[in-house]
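For the record, the sequence lines run as chains A and B. Under our numbering, the first residue of the first sequence carries the number 1093, and numbering increases by one thereafter. Under our numbering, the first residue of the second sequence carries the number 506, and numbering increases by one thereafter.
Mixed in with the good hints there might be a few duds.
[As the list claims (entries may be wrong)] Derived BS3-like pairs: lysine-lysine, alpha-carbon spacing no greater than 27 Å straight-line:
(1) A/LYS1141 with B/LYS588
(2) A/LYS1150 with A/LYS1160
(3) B/LYS575 with B/LYS514
(4) B/LYS562 with B/LYS588
(5) B/LYS576 with A/LYS1141
[As the list claims (entries may be wrong)] What follows is a list of derived Cβ distance ranges for each label pair:
(6) A/SER1101 with B/THR616: 31 to 39 Å
(7) A/TYR1131 with B/GLN546: 38 to 46 Å
(8) B/GLN546 with A/LEU1138: 14 to 22 Å
(9) A/LEU1099 with B/ARG549: 14 to 22 Å
(10) A/SER1162 with B/PHE517: 47 to 55 Å
(11) B/ILE556 with A/SER1101: 31 to 39 Å
Don't read these hints as lab results, they were simulated from the structure. Each residue gets a CB set at the ideal place from its N, CA and C atoms; glycine is no exception.
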Amino acid sequence: AQSVTQLGSHVSVSEGALVLLRCNYSSSVPPYLFWYVQYPNQGLQLLLKYTSAATLVKGINGFEAEFKKSETSFHLTKPSAHMSDAAEYFCAVIYGSGNTGKLIFGQGTTLQVKP
Amino acid sequence: DGGITQSPKYLFRKEGQNVTLSCEQNLNHDAMYWYRQDPGQGLRLIYYSQIVNDFQKGDIAEGYSVSREKKESFPLTVTSAQKNPTAFYLCASSTQGQGGELFFGEGSRLTVL
């Protein structure tokens, strides 16, 4: 079955350190890929989206992600963590052709930022 | 401002009672979705609708029902048949089409006592 895997349910970094959140998808066909962020008791906000126009995608709040077909990965990075980045992050994928717009979500990674 | 409004934000119900969660959008989006979120399990799709008067089951539709009588509205009923209804419920919408971004509401937290 097609799926998306986020490695590490919890990631802890110090303020100012590099943030790396991992996401791998399971398909030989390049899909549409997304990263969303969720703050406590809120809905999800789109951070960035890959649509095959460029392999390095820049998003909001200084985040970016690189699509690597050979590794079937779409890891999220930020050079310097800020306290306000503490949240839960979800990788999501739309597979194949069709018109459903139905996303498959990873299980989420909680980012903790220590002062 | 355009967006998605979910209500109520918090809801308590007794076992055996049905409850309806409201979702309204003014983004003029064709497609709407209901997701359930549980700790450590990500988001799971309950139902989705791509057009008025039509909807499809998602991955975990048992014990839930929906309607789509208006483009703007997609209410979700959690029935007494849902065995473990305590969860955070998220409504979303998108323009119909491949690769469409989802816009989410703030969520409704249902607790069954």
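Check your understanding: Against which earlier hints does the structure fall short, listed by number upward?
Key -> 1, 6 and 7
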